[in-house]
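Asks: Here are the chains, one letter per residue:
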Amino acid sequence: MRPLTLARGDLRLTMRDRSSIFWIFIAPFIWVYFFGFLAGGGDPSATRIGLTVIQQESTEPAERFIEHLRAQNFDIRVVKSGEPMPSGDSVPPRSVTIPAGFADAIANRLKVQLDLHEEERASPEGTLAVRVALHKAIVRLLAGEALGGFDPADDRVGLISSWAGGRKIPTGYYQTIPGNLVMFVLLSTMTYGSALLAIERRNGILRRLAASPLTRTEILAGKLMGRGAVASVQVGVFLLIGLTLFRIDWGRSPGGLAALLLTYILCSAAIGLLSGTLFESPQASAGIGVTLSLIMAGLGGCWWPSEVMPAWLRTASYVFPAAWAVNGLHQLVSWGGSLKDILPHCAVLALMGLAAGAVAVRRLRLD
Amino acid sequence: MRRILVLVLKDLRRRLADPAGFFLNLSIPLAMAGMMALAFGNSGGGEQNAPQLRLVLVDLDESPISGMLAGASQNPRAAGRMAVRRAATREEGLDVLRDEEFAAMLVIPRGFGQALLGSERTELELVKNPSENIMPVVAQQGAEVLALYLSAGARVLGDEGPRLQKLLVDGAGWNDAAGLGSMIATLYDRVDAAGNLLFPPIIEVTEQAETKQDAGGGFNWMSWMFPGMVVMGLLFTSLTQMRDLLRERDAGTLRRQLASPLGAGQVILAKVLSVAAVVAIALVLLLTVGSLAFGLAWGAPAPLIATSALLVLAITGFSAMVFALVRTERQGDAFGGVLTMLMSMVGGAFIPPQILPEWLRGVSCFTVNHWGHEALRALATGGGWAQVGAYLPALAIMGVVFTGLGMTLLGRRHLRGTL
Amino acid sequence: MTTKVRVDTPLQVLDVRYSYGRTRAVDGIRFEVGRGEIFGLLGPNGAGKTTTISMISGLLPPESGQVLVFGHDIADSRGGARTRMGMVPQDIALYEELSAAENLRFWGQVYGLSGPNLKRAVESVLDQVGLAERAGERVGRFSGGLKRRLNLAVGLVHGPDLLLLDEPTVGIDPQARLRILDVVKAQAAAGRAVLYTSHYLEEAEQICDRLAIVDHGRLLAIGTVSELRRLVGEGPIINIRGEVTSERLTAMAGRLEGVALLSCADGAASFSATDATACSSLVRELFQTGAHVEDLRVAEPNLQSVFLKLTGRELRD
Chain A
1 MRPLTLARGD
11 LRLTMRDRSS
21 IFWIFIAPFI
31 WVYFFGFLAG
41 GGDPSATRIG
51 LTVIQQESTE
61 PAERFIEHLR
71 AQNFDIRVVK
81 SGEPMPSGDS
91 VPPRSVTIPA
101 GFADAIANRL
111 KVQLDLHEEE
121 RASPEGTLAV
131 RVALHKAIVR
141 LLAGEALGGF
151 DPADDRVGLI
161 SSWAGGRKIP
171 TGYYQTIPGN
181 LVMFVLLSTM
191 TYGSALLAIE
201 RRNGILRRLA
211 ASPLTRTEIL
221 AGKLMGRGAV
231 ASVQVGVFLL
241 IGLTLFRIDW
251 GRSPGGLAAL
261 LLTYILCSAA
271 IGLLSGTLFE
281 SPQASAGIGV
291 TLSLIMAGLG
301 GCWWPSEVMP
311 AWLRTASYVF
321 PAAWAVNGLH
331 QLVSWGGSLK
341 DILPHCAVLA
351 LMGLAAGAVA
361 VRRLRLD
Chain B
1001 MRRILVLVLK
1011 DLRRRLADPA
1021 GFFLNLSIPL
1031 AMAGMMALAF
1041 GNSGGGEQNA
1051 PQLRLVLVDL
1061 DESPISGMLA
1071 GASQNPRAAG
1081 RMAVRRAATR
1091 EEGLDVLRDE
1101 EFAAMLVIPR
1111 GFGQALLGSE
1121 RTELELVKNP
1131 SENIMPVVAQ
1141 QGAEVLALYL
1151 SAGARVLGDE
1161 GPRLQKLLVD
1171 GAGWNDAAGL
1181 GSMIATLYDR
1191 VDAAGNLLFP
1201 PIIEVTEQAE
1211 TKQDAGGGFN
1221 WMSWMFPGMV
1231 VMGLLFTSLT
1241 QMRDLLRERD
1251 AGTLRRQLAS
1261 PLGAGQVILA
1271 KVLSVAAVVA
1281 IALVLLLTVG
1291 SLAFGLAWGA
1301 PAPLIATSAL
1311 LVLAITGFSA
1321 MVFALVRTER
1331 QGDAFGGVLT
1341 MLMSMVGGAF
1351 IPPQILPEWL
1361 RGVSCFTVNH
1371 WGHEALRALA
1381 TGGGWAQVGA
1391 YLPALAIMGV
1401 VFTGLGMTLL
1411 GRRHLRGTL
Chain C
2001 MTTKVRVDTP
2011 LQVLDVRYSY
2021 GRTRAVDGIR
2031 FEVGRGEIFG
2041 LLGPNGAGKT
2051 TTISMISGLL
2061 PPESGQVLVF
2071 GHDIADSRGG
2081 ARTRMGMVPQ
2091 DIALYEELSA
2101 AENLRFWGQV
2111 YGLSGPNLKR
2121 AVESVLDQVG
2131 LAERAGERVG
2141 RFSGGLKRRL
2151 NLAVGLVHGP
2161 DLLLLDEPTV
2171 GIDPQARLRI
2181 LDVVKAQAAA
2191 GRAVLYTSHY
2201 LEEAEQICDR
2211 LAIVDHGRLL
2221 AIGTVSELRR
2231 LVGEGPIINI
2241 RGEVTSERLT
2251 AMAGRLEGVA
2261 LLSCADGAAS
2271 FSATDATACS
2281 SLVRELFQTG
2291 AHVEDLRVAE
2301 PNLQSVFLKL
2311 TGRELRD
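Protein chains in written order, with the working numbering: chain A, 1 to 367; chain B, 1001 to 1419; chain C, 2001 to 2317.
I should point out that these hints are in silico values taken from the structure, not numbers from a laboratory. One should not assume that every hint holds.
[As the list claims (entries may be wrong)] Derived DEER-like restraints, expressed as beta-carbon distance ranges: (1) Val1338(B) with Gly2046(C): 33 to 43 Å; (2) Leu1339(B) with Thr315(A): 30 to 40 Å; (3) Ile1184(B) with Glu119(A): 24 to 34 Å; (4) Gly2130(C) with Gly9(A): 39 to 49 Å; (5) Pro2116(C) with Leu1325(B): 36 to 46 Å; (6) Ala355(A) with Gly2046(C): 27 to 37 Å; (7) Glu2243(C) with Val359(A): 55 to 65 Å.
[Stated by the list, open to error] Some but not every residue of chain C turned toward chain B, in silico, with C-beta under 10 Å: (8) Gln2066; (9) Leu2094; (10) Ala2101.
Beta carbons are placed, not taken as given, at the ideal position from N, Cα and C, and that holds for glycine.
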């Protein structure tokens, strides 16, 4: 298999590049750990949101209000009037002040304001949860005042909440590992893969290959497999660190995972090859490769949950393979889907790969 | 001095003749900023740019009460923030949830209205999309508030619920004028008592965020994010330009310069100045794009000029130091690229440094990114000397130390014959 | 050794030494180059030529010894000595993004030219190397030969009195080489001193007035071409190829009068013979002793044979 020889050579050349050691083997761990840790790590739901309550009066309504807040699984710290404000990292980044005159205002049906103070380190999600919790505590307190008591036990309407599929939700490492896998595969094929082709063209190696007994098809297959091999190494690194270091559950369908990753590798390899045919200089090739990879990754849902994007952009992002790959991984990991569920994803990725490959074949000049 | 200028102008002319690399360096931060602006808008998480909540509603009850609930989602205020798709069955709803990427499915169970009015306990069901993590939580919080209000409503009705149910559902009791009147009076009193407190709630929450605001009074999210991208882009630009020193060494032009009447110190100084000039041009371009594309104002000219000058010095010095320590262009690319990304991460280019663990925040203080980012951010949020003053000394110290160290090390390499 | 410092001598290299760590790269090299003289510095790779050139051009400070350019120590009076010197490195040290004229203007300015003087100098030097018509073209588009010509022109643009030419013709076609050699000869004819290094011995023989052969950092011989040739005698040189061993050939040369073994390595050997009789006796001995000789050639003595005699290896080893 002469194309395999070419592929092996390309893989060896990529691995010989000192920076590749960092970008392929070390950077994934740093990226996953850093962003995963900041997003809550392994089980973000286990983290209780903290709130400091500055209680400027110790009346019965104020105490009841605090109890309503406590009932909502918040980590409440109460600072009474005259007590010093705690400081340091362990102090919650948000505080709410129950002002003096709180009880009188309620008794007299007068407006009263609670000041919610957020430090810069307060996350938007936590702030939203605090807002909702305050609102619920306010409703419960005021309804209780109006109706003569309104405890949770009196609720006529309850809420049963569950996650469909019963699998891991993509937060913490479950967001960053699939997202970074998809991004780093693109980065490796679109930087090393495309720059290597430009270097070989510049050094005359492509011309030498053209003059060798290898057919054009064999050369193209070899180059494609070379990029696929680099992408496979990258995928392997993510699977390995996911399984061993971050204990990621990759879903119930190893076959589905293999099919999805293989088609994504094929697609990325073809795009990497295409990118290498577009630019003459290796620097331009790698530079544009980085920019395009980052755009595809960002819009494809690798950096942030795609549901926060406007609907039109979310739909538009499916022109990129990254969106299909991320969505496919969520189908397998979060929904617990099977091979059947990700067949459309595989088909689209394969088609995108074929299209990119076809254009690359037309553009690639060996002479 | 004239000869140094000749060297600097030569480098600028070369950049002008082949500007692709320069623009490539700027394309990364601009692409990232543009993409984030597309995804989140200039105001980021602001109310007006809050993402739409996509909800599947399955009304298995089909009673007037559940109909009112479902209809509430159609009111114009809610419609702007929510996209509601109705499904006939739970199974159909689940398919929509999964295939069309809705955040959650709210199921109103059979007998819901009857139970609510009949003073019985009932439960709404919320099924969340497991492949999303923010909007399902928003849906849950919304559903919890809804359930609370429904519970409060049911308490307001109290024992009048069954009568109301007969009136609304069965159509019976309309001819009992006295009973009807007493029920209305009772309900009026209760609603009035609750309404004084609850509609709207007399307790209001006012928010005070430490996030800096722009001159217009609103928080422009780009004013936080874009400065980080600017500093990262400048570092990449600076490293690429400083790499030219080793490229000139490999091409032999550096050797030729060193054999000319110019001293090694002049040659190195000229290279540092030409890199600084290119970085300054890049900074001007990035600031202009920030103003034109993302509506950022960069404050008064004097603090902006001072910040820019010190930032350019610190970044140029950093790259001089990197290329004094590496032997080849490739080592410089690898080492410099890795350092830039790591410094950008801990320096606040991607996430606010305030949410980093304490030890990483300590590390962050040793990065150009941290101080550059903070200073530019202070300017972008309408700050002047008072606001940037805290960051300029750190930038100045870094600039002087890095540049001095970089030039000294490069000079030593020349004496050892390795430059 | 004391030497008189002469302000009219373009280049005096006085016992310079330089080491890289414990390795002595240049060990007491000494020579002078006079006005209008083309002086060749020859030696195999690693002989110390580049280090010597680096010291002469002021890139490396000698550990001991001195380099004087028109009497000025290159280490002491950098500006004065360097302005009178033009360097043409082995690398094509040009800015490919700039045009030929822009390159020349830049280097002219580095050496202090400006205004009409600079313009005249650029035009003149472009004419000399035959690039006037391509002055505005980007160097990146030039062929190897054109780049070499421009590389030479850059060294000439400020009108130096001393030219350092380090392998100026490497890797180019014969026509371009001839052009460059013509320019070099014209420079010498105009009274400029030229220090010239090359791998091409024929080229050195053709243009150099005097030559120095260096190896292992030492100067092995110095003189005109004919003086150097005499080091291997006036008689013919016999080159053989076959299954030969150094011990056997050394013994054979020892037995024959007027025959000396110059080199023997990798199945090839060279002998010098004082005259035709000695040559005949060597040939006879080779066949009588049954030596397995595949090829035998007799040639006039040249620099190659001098080189072999002095260094035991060919210039391009």
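Asks: Grab the minimum C-beta distance from Gln2066(C) to chain B and call the hint holds if it beats 10 Å, violated otherwise.
Replies: Violated. Min distance 17 Å.
Asks: With 24 to 34 Å as the target window, see if Ile1184(B) and Glu119(A) comply at their CB atoms.
Replies: With a Cβ separation near 50 Å, Ile1184(B) and Glu119(A) fall outside 24 to 34 Å, so the hint is violated.
Asks: How does the Cβ-Cβ distance of Val1338(B) and Gly2046(C) compare with 33 to 43 Å: does it lie in that range?
Replies: Given range 33 to 43 Å: holds, Cβ gap about 36 Å.
Asks: 39 to 49 Å was suggested as the range; check whether the CB atoms of Gly2130(C) and Gly9(A) agree with it.
Replies: holds (43 Å)
Asks: Report holds or violated for the interface hint on Ala2101(C), using the least CB-CB distance to chain B and a cut-off of 10 Å.
Replies: Violated, about 12 Å.
Asks: Identify whether the interface hint at Leu2094(C) stands, where standing means a beta carbon of chain B within less than 10 Å of its own.
Replies: holds (7 Å)
Asks: Can you tell me whether the CB distance of Ala355(A) to Gly2046(C) sits inside 27 to 37 Å?
Replies: With Cβ atoms ~55 Å apart, the hint is violated.
Asks: Mind checking the hinted window 36 to 46 Å against the Cβ distance between Pro2116(C) and Leu1325(B)?
Replies: holds (45 Å)
Asks: Can you tell me whether the CB distance of Glu2243(C) to Val359(A) sits inside 55 to 65 Å?
Replies: Taking Cβ atoms as reference, Glu2243(C) and Val359(A) lie about 60 Å apart, which means the hint holds.
Asks: Quick one: are Leu1339(B) and Thr315(A) within 30 to 40 Å, going by C-beta?
Replies: Holds - the Cβ-Cβ distance for Leu1339(B) and Thr315(A), about 38 Å, lies within 30 to 40 Å.
The structure fails hints 3, 6, 8 and 10 (numbered hints given earlier, in ascending order).
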